[in-house]
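Engineer: Please work from the sequences and hints to get the whole structure.
2 protein chains.
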Amino acid sequence: MMTLSEENYLKAIYHLSDTCEGGISTNAIAEKMNTKASSVTDMIKKLSEKGLLNYKRYKGSALTAEGKLVAANIIRKHRLWEVFLVEKLNFTWDEVHDVAEQLEHIKSEKLINQLDEFLGFPKRDPHGDPIPDKDGNMSDHADVLLVTLNKNDKGIIVGVKDSSSSFLKYLDKQGIALGKKIKVIDKEPFDNSMKIRIKKEEFMISQQIANNIYIKK
Amino acid sequence: MMTLSEENYLKAIYHLSDTCEGGISTNAIAEKMNTKASSVTDMIKKLSEKGLLNYKRYKGSALTAEGKLVAANIIRKHRLWEVFLVEKLNFTWDEVHDVAEQLEHIKSEKLINQLDEFLGFPKRDPHGDPIPDKDGNMSDHADVLLVTLNKNDKGIIVGVKDSSSSFLKYLDKQGIALGKKIKVIDKEPFDNSMKIRIKKEEFMISQQIANNIYIKK
DNA sequence: ACTTATTTTTAGTCTTGTCTAAAAAAATAT
DNA sequence: ATATTTTTTTAGACAAGACTAAAAATAAGT
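As you go down the protein sequences, you meet chains A and B in turn.
Under our numbering, the residues of the first sequence are numbered 1 to 217, in order.
Under our numbering, the residues of the second sequence are numbered 1 to 217, in order.
Think of the hints as simulated: they come from the structure by calculation, not from any bench.
Any given hint could turn out to be false.
FRET-style restraints, in silico, Cβ to Cβ [what the hints assert, rightly or not]: (1) B:Glu87 to A:Lys183: 43 to 49 Å; (2) B:Thr64 to A:Asp98: 42 to 48 Å; (3) A:Leu119 to B:Lys45: 40 to 46 Å; (4) B:Gly51 to A:Asp98: 57 to 63 Å; (5) B:Lys123 to A:Arg197: 21 to 27 Å.
Away from chain B, derived, C-beta distances all over 10 Å, residues of chain A [unchecked claim]: (6) Glu31; (7) Glu49; (8) Phe91; (9) Phe118.
Predicted model only: the values in this text are computed from it and were never measured.
Note that the Cβ used here is the ideal one computed from N, Cα and C, for glycine as well.
Structural biologist: Okay, structure coming up:
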C-alpha cells in the first residue's frame with residue numbers, strides 16, 4: 001500500500017518526466033514538491049526499494065514501468081474527479097485543483113471505475129488534459145501551442161498548460177474557453193504577442209498567454 | 001486544521017456518547033479505535049487543549065459544543081458520500097462504509113454543500129441513519145428496535161444499527177430492506193426470536209437480528 | 001479498612017516524513 | 001589540472017502518532 005507522501009512524489013516525478021528527458025534531478029523534485037533535497041533523497045531510496053523507480057546515487061531518478069502505472073492511476077483519479085466537480089457539482093475550472101488533489105488519494109478500484117462510467121468515460125479533464133485509462137495509456141497532447149501559430153492560422157482551443165486559478169480566471173474574462181474556434185489575425189515578430197479572433201471579437205494576447213494554450217489545427 | 005487522526009477520535013467519541021451517557025472512558029475509546037489506552041490519553045490531551053473536549057485525569061471525556069459540531073460535520077460528510085455511492089455509482093449498501101470512511105476527510109465546504117444539493121438534500125443515508133445539517137442538527141432515531149415489538153404489531157423498516165457487511169448481506173438475502181412493511185406474526189418469549197411477515201412471506205429471525213433493525217410504528 | 005483488581009497515566013521507544021548542517025561527489029571555471 | 005561552485009548525500013534532530021512496560025489513581029471484594 002502506498003502512503004500519501006509516496007503517491008505525491010510519484011506524481012511529481014511523472015509530471016517532470018514529461019518535459020525533461022532522461023533522469024530527473026533530486027533538486028528538480030525538491031522544487032516541485034516544495035521540500036528540501038535531503039528529504040527527496042530519503043524518499044527516492046524508499047521508492048527505489050519498492051521497485052517504483054531506478055536511481056543511483058548522484059545520478060537522476062526515472063520511474064519504472066510499475067512506477068509509471070501507479071502515477072498514471074493517480075492522475076487518472078485526479079482528472080476524473082475534476083470532471084465530476086465541474087460537470088456535476090457546478091465548480092468552475094479554476095476551483096477544482098485543490099479538491100481533486102485530495103480526492104486523487106482515495107483508494108477504491110470500484111469507486112473510480114464507476115465514477116468513470118457515471119461521467120460517460122470522458123477523455124479530457126476540464127483543462128483539456130487527457131485522462132489515462134486503467135492501464136495508464138492516454139491520448140497524447142499531440143496538439144500545438146497557440147504561440148506556434150502564424151498569421152491567418154486557425155484552430156480550436158483544446159487545452160491549457162498552466163492550470164493556475166489566476167490564469168484560468170483571465171481566460172474566462174477574455175471569453176477563451178475549450179472548444180472555441182480561434183484565428184490569428186496578426187502576430188508581432190518583436191515580442192510574439194498576437195491579435196486573435198474568437199467569435200467575431202478581436203483582441204491582443206501576450207506571448208506568455210499564447211504559450212499556455214493548446215490548439216488543435 | 002484537523003488531522004486525520006484527530007477527526008477519527010472525535011467521530012468515535014461522538015458515537016460513543018450516543019449510547020453511554022456521561023463521560024466516555026479512555027478504555028472505551030481505545031477499543032472503538034482499535035488502539036491502546038496510552039495512545040488515547042495522548043490524543044485526549046491534544047483535543048482537550050484545542051477546546052474540543054473536556055477531560056480531567058482519571059475521569060472520562062466529553063465533547064464540547066465545538067467538538068460535537070466538528071464530529072457531526074464529519075458524520076454528515078460520511079453519510080452524504082454513502083448516499084452518493086449507492087444512488088449514483090451503483091454501490092450496494094454493504095460496500096459503502098470503507099470508501100466513505102476515506103471520503104469523509106476531504107476538506108472543502110463547497111464540495112459537501114454542492115454534493116448535498118446534487119443528491120437532493122437527502123435526510124437519511126442508505127442504512128437509515130439521519131444526515132446532520134451544516135449546524136450538526138439531525139432528526140433523532142426516535143424509532144424503535146424491532147425486538148421491542150410484540151405479536152401482531154406492525155411497522156416500517158427505517159434503519160439498521162449494525163452496518164457490518166455481513167449483516168447487510170443477510171438482510172438482502174432475506175428481502176429485508178428499508179421502507180418495507182413488516183408485521184410480527186409471533187414472538188417466542190423464551191429467546192425473543194420472532195416470526196415476521198414481509199410482503200406475504202413469513203420467516204423466523206433471532207433476537208440478535210431483531211435487535212439491530214429500527215422500525216417506525 | 002485494607003488488599004486486590006482495574007483503569008488510567010507516565011516514561012521511554014519506534015516509524016514516517018520532514019528539517020538543518022556538514023560532508024562528499026560531480027560539474028564548472030580559470 | 002586544480003580550485004571553485006553546485007548538487008547530492010549523510011548524519012543527527014524533531015513532531016506526530018503509535019506502542020510497551022511500569023507506575024499511580026480509582027474501584028471492588030471481603
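Engineer: So, for every hint listed, does it hold in this structure?
Structural biologist: For each hint, the structure was consulted:
1. B:Glu87 to A:Lys183: 43 to 49 Å: The hint (43 to 49 Å, Cβ to Cβ) holds, given that Glu87 (chain B) and Lys183 (chain A) are roughly 45 Å apart.
2. B:Thr64 to A:Asp98: 42 to 48 Å: 29 Å, violated
3. A:Leu119 to B:Lys45: 40 to 46 Å: Cβ of Leu119 (chain A) to Cβ of Lys45 (chain B): about 45 Å, so the range 40 to 46 Å holds.
4. B:Gly51 to A:Asp98: 57 to 63 Å: Cβ of Gly51 (chain B) to Cβ of Asp98 (chain A): about 27 Å, so the range 57 to 63 Å is violated.
5. B:Lys123 to A:Arg197: 21 to 27 Å: 52 Å, violated
6. Glu31: 25 Å, holds
7. Glu49: 25 Å, holds
8. Phe91: Its Cβ does come within 10 Å of chain B, the nearest being 7 Å, so this is violated.
9. Phe118: Non-interface label fails for Phe118 (chain A): nearest chain B Cβ at 6 Å, not farther than 10 Å.
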